[in-house]
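Join the two chains into one complex using the hints; note that each chain is given alone, in its own frame.
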Amino acid sequence: MQDSPQDAAFERQLETWGASQSDAELSPEIRRKVQGILTSSLTPVKPLPSQSRLTLAFLAVFVACTVGLIAIMDKAGFHLMTEAQMASMAAILAGGGILFSLIVAWDMVPGSRQRFPLSLVLALSGFGVLGGIALLFPWRTSGAFVSEGWPCAVMELMIAVPGAAVFWLLARRGALFGGAGVGAAVGGLAVVLALAVLQFRCMFQQAPHLLVWHGGTAAILIGLGALIGEWRRDRWMP
Amino acid sequence: MTRYQRADPAALDELVRRISPPLLRYFGASRVGWNDAEDLLQDCWIRIHRSRHTYRTSEPVMPWIYAIARHTRLDAYRKRRRLESREVLVAALPEHLHQTVPQAAPEQDALEHLVASLPESQREVIVMLKVAGMSLEEVAKATSSTVGAVKQKAHRAYATLRRALGKDQGNAR
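Protein sequences appear in the order of chains F and P. Its first residue numbered 1, the first sequence is counted upward by one per residue in my numbering. Its first residue numbered 1001, the second sequence is counted upward by one per residue in my numbering.
The following block holds chain P by itself, in its conformation from the complex (with noise of 0.2 Å):
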C-alpha cells in the first residue's frame, strides 16, 4: 500500500490481482447479478484510488478496503432502489452470480445459498470473516461497529446457518 501511494504501477498491478477476487465475492454475495458484481468493484477501485491518501501505513490494510467497498455496495443498492422504484418491471428476471461462476462441491453449493440466504448484515459479516479472513476487530472497523455487534452477529448466522445444513442433511438421508 505504501509502494502504491508512491505511485508505484508494480504495486498498484500486485493489489488488484490479490485483492480483487475476494472483493468480487464480497460484491457477488449482496445477491447482485456477475455483470454488477464486476461493475461494483470497477466502482470500488475507483474510490480505493482516489481515496488512497487516507490509507495509514500504521493500519491494517483489509478493514480500509473493505469500509469503501461497502460504502460502494451500499451505495449501489440505494440507487438500484431508486432506480427500481421508477421503472415498470418484466418478465426477465436477472443472472445470478453464483449460475455463473464456476460450481464447487454439492455441499459447498448448499451452503453459498444458505450464505445467500442471509440477512444482509449477517451475510456481510461471514463473508468478511471466512473469506477475506479478516479478524472480528478488522470487521467491526470496516463497519463501523463494535466487536461485540460483530460477534453477535456472527453468531447468529452461525446458528442460522447450522440449523438449516442440519435440516438439508435430514433431508437427504
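Bound-form chain F, shown alone (with noise of 0.2 Å):
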C-alpha cells in the first residue's frame, strides 16, 4: 500500500500494535463467567437454510398470499386495467417483492453480504410505483375524491398489517439485530403485497387516487414499521 520508507514503517507500527492489542488476556473469571453462561444453555441447533432458501421463502409467501388475495377478492381493477398497465405494475411490485424480500434474508444472518442497501430498495421501489403510475395511469379525479380513497387507504391497512405479522413470524427465525431497518424492510414487503392486492381489487385506477390513497398509505406504513422496528428493539434481538 505504501512506498516511502516512512510509511513501511508506519505500516509496521501498526502491525505492532495491532498484534500486541490481540495478544490482550482475558481474566479467568470473566472466562469461567462466560463458558458457564453459556455451557448451561449449550444445545445442539440447526443451522439456517442458505441465503437464496431464504429469500425464496419470503417469495413463496409474498406469491401465495397476494394471489390468495387477489382470487377471493373484488377484482374490479383487472377488468378496468389495459394490459400495459397490468403487465407493467405487475413487473414493478414483483421486484419490488424480489428486493424486500431478499433484504429481509439478508437481516436475518449477521455479517451477510448485503449487495445493495435499504435505502437503495427504497427509492427503487418508490420510484418504480409512483413513476408507474404517474406515467401510465390517467390524470383526472372524480368530485368524491376523498370518500372514494379512504376505504382503499383502510384495505391497505388491512391487508399490510397481517401481511408483517406473517412475514415478521418468517424473519424471527434469524437473528434480528436491525431495529429500525428490519421493520421497514419487513414493512416494506407487506406493503408491495398490500399494493398488489389493491391493484387488482381497485375500481378507480386513475393517477391522482393511486399516488395519493395507494403509494401516500404505503410510504406512512414503511415509516411506521421503522419505527416499530426501532421501538421493539429490544424485544426481537437475540
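Simulated from the structure, these hints should not be mistaken for laboratory data. Do not rely on the hints blindly, as some may be mistaken.
Here are the simulated EDC-like cross-link-like pairs (lysine to aspartate or glutamate), alpha carbons at most 16 Å apart as the crow flies [to be verified]: (1) Lys1079/P with Glu29/F; (2) Lys33/F with Glu1014/P; (3) Lys33/F with Asp1039/P; (4) Lys1151/P with Glu1137/P; (5) Lys1079/P with Asp1013/P; (6) Lys33/F with Asp1013/P; (7) Lys1079/P with Asp1043/P; (8) Lys33/F with Asp1043/P; (9) Lys46/F with Asp1008/P; (10) Lys1079/P with Asp74/F; (11) Lys1079/P with Asp1039/P.
Away from chain F, derived, C-beta distances all over 10 Å, residues of chain P [said to hold, decoys possible]: (12) Arg1047; (13) Arg1050; (14) Tyr1077; (15) Glu1084; (16) Ser1085; (17) Gln1122; (18) Leu1161.
On a predicted model such as this, the values are computed, not experimentally measured, just so you know. From the three backbone atoms N, C-alpha and C, an ideal C-beta is built for every residue, glycine too.
Spelled out as C-alpha cells, the structure:
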C-alpha cells in the first residue's frame, strides 16, 4: 500500500500495535463466567437454510398471499386496467417483492454481504411504483376524491398489517439486530403485497387516486414499520 | 463453529478462549471503561450463543462474530446515551481502558491514544483490520458496508494517524 520508508515504518508500527492488542489476556473469572452461562444452555442447533432458500421462502409466501387474496377479493381493477398497465404494475410490484425479500433474508443473518442497501430498495420501489402510476394511469379525478379514497387506505392497512405479521414471524427465525431497518424491510414487503392486491381490486384506476391513497398510505406504513422496529428492537433481538 | 452448533463443550471453550481477547479489545477501543468492555463482552457472547444457528459453515466466522459485536456495542451506546440524558453528572470520571491494561511500549501507547481519538467509524475499521486481522471484504460484511467504503475509512484513518505520528515525532525531536 505504501512505498516510502516512512510509510513502511508506519505500516510496521500499526501491525505491531494490532498484534499487541490481540494478545491481550481475558481475566480467568470472566472467561469462566462466560463459559458457565453458555455451557448451561448448550444444545445442538440446526443452521438456517442458505440465503437463496430464505429469499425464496419469503417470495413464496409473498406470491401465495398475493394470489390467494386476489382470488378471493373483488377484481374490478383487473377489468379496468389495460394490458400494458397490468403488465407494468405487476412487473414493478414483483420487483419490489424480490428486492424486499432479499433485504429481509440478509437481515436475518449477521455479517451477510448486503449487495445493495435498504435505502436503495426503498428509493427504487418508491420511484418505480409512483413513477409507474404517474406515467401509466390517466390524470383525472372524480368529485368524491376523499370518500372514494379512504376505503382503499383502510383496505391497504388491513392487508399490510397481517402480511407484516406473517413476514415478521418468518424473519424471527434469524437473528434480527436491525431495529428500524428490519421494521422498514418487513413493512416494505407487506406493503408491496397490499399494493399488488389493491391494484387488482380497486375500481378507481386514476393517477391521483393511486398516488395519494395507495402510494401515500404505503409510504406511511413503511415509516410506521421502521418506527415499530426501532421501538421493539430490544424485544426481538437475540 | 460447526462443533459448537452441535453442542460440543470443548469447541465452545476453545472459541471463548480464542475470540474473547480481540473482542475485548474491540469493545475497549470504543472508549468505554474496562468493566464496561467486560460487560459488553459477556453480552456479546450471550447474543452469539442465541444466534449460533444463523452461522453458516460455508462463510467466514469473523464477519459473523464482529457483526454481532458491532450491534452489541451500538445498542450499549444507545442505552448509555438514554441513561446519560436522564442522570445528573458527578465529579468522578469513569476509569479508562488504557489505564488498566498492561502498559505497552511508549510508541505503541502513543498509537493507542491516537487510534482512540479517531472517529468511531474509522476506529472500528482499524480495530477490525489490525487487531482482529480481518480482510477488507470481511470488515465490509461485518459492518454491512461495501469494500470501497471500508477502504475509504481505513485510508482516512491511516492519513490521520500518519500525520499525527509525524507531528508527535517532530515534537519529540
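Outcome of the hint check:
Proximity of lysine 1079/P to glutamate 29/F is assessed by CA-CA distance (about 26 Å); at most 16 Å being required, the pair is judged violated. Taking the CA atoms of lysine 33/F and glutamate 1014/P, the gap is near 14 Å; set against the 16 Å cutoff, the hint holds. Between lysine 33/F and aspartate 1039/P, the direct Cα distance comes to roughly 11 Å. Compliance with the 16 Å bound is thereby established for this hinted pair. With a C-alpha separation of about 10 Å, the suggested pairing of lysine 1151/P with glutamate 1137/P holds against the 16 Å cut-off.
Proximity of lysine 1079/P to aspartate 1013/P is assessed by CA-CA distance (about 30 Å); at most 16 Å being required, the pair is judged violated. Distance hint between lysine 33/F and aspartate 1013/P is fulfilled; the C-alpha atoms sit about 11 Å from each other, no more than 16 Å. For the hint pairing lysine 1079/P with aspartate 1043/P, the CA-to-CA distance comes to about 13 Å; that is within 16 Å, so the pair holds. With a CA separation close to 12 Å, the supplied pair lysine 33/F and aspartate 1043/P stays within the 16 Å bound.
This hinted pair checks out: lysine 46/F and aspartate 1008/P have alpha carbons roughly 14 Å apart, not beyond 16 Å. Note on lysine 1079/P and aspartate 74/F: the hinted pairing is violated, with a Cα-Cα distance of about 48 Å set against a maximum of 16 Å. Proximity of lysine 1079/P to aspartate 1039/P is assessed by CA-CA distance (about 13 Å); at most 16 Å being required, the pair is judged to hold. Against the 10 Å criterion, arginine 1047/P falls within the reach of chain F, whose nearest CB is about 5 Å from its own CB.
Distance check for arginine 1050/P against chain F: the nearest CB is about 4 Å away, which does not clear 10 Å, and the non-interface claim fails. Non-interface status of tyrosine 1077/P relative to chain F is upheld: no Cβ of that chain comes within 10 Å, the nearest being about 13 Å off. With a minimum CB-CB distance of about 18 Å to chain F, glutamate 1084/P clears the 10 Å threshold, and the non-interface call stands. Here serine 1085/P stays apart from chain F, with its beta-carbon at least about 17 Å from theirs, past the 10 Å limit.
No beta-carbon of chain F is positioned within 10 Å of the beta-carbon of glutamine 1122/P; the least distance is around 13 Å. Here leucine 1161/P does not stay apart from chain F, with its beta-carbon only about 7 Å from theirs, under the 10 Å limit.
Hint compliance for this structure: hints 1, 5, 10, 12, 13 and 18 are not met, and every other hint is.
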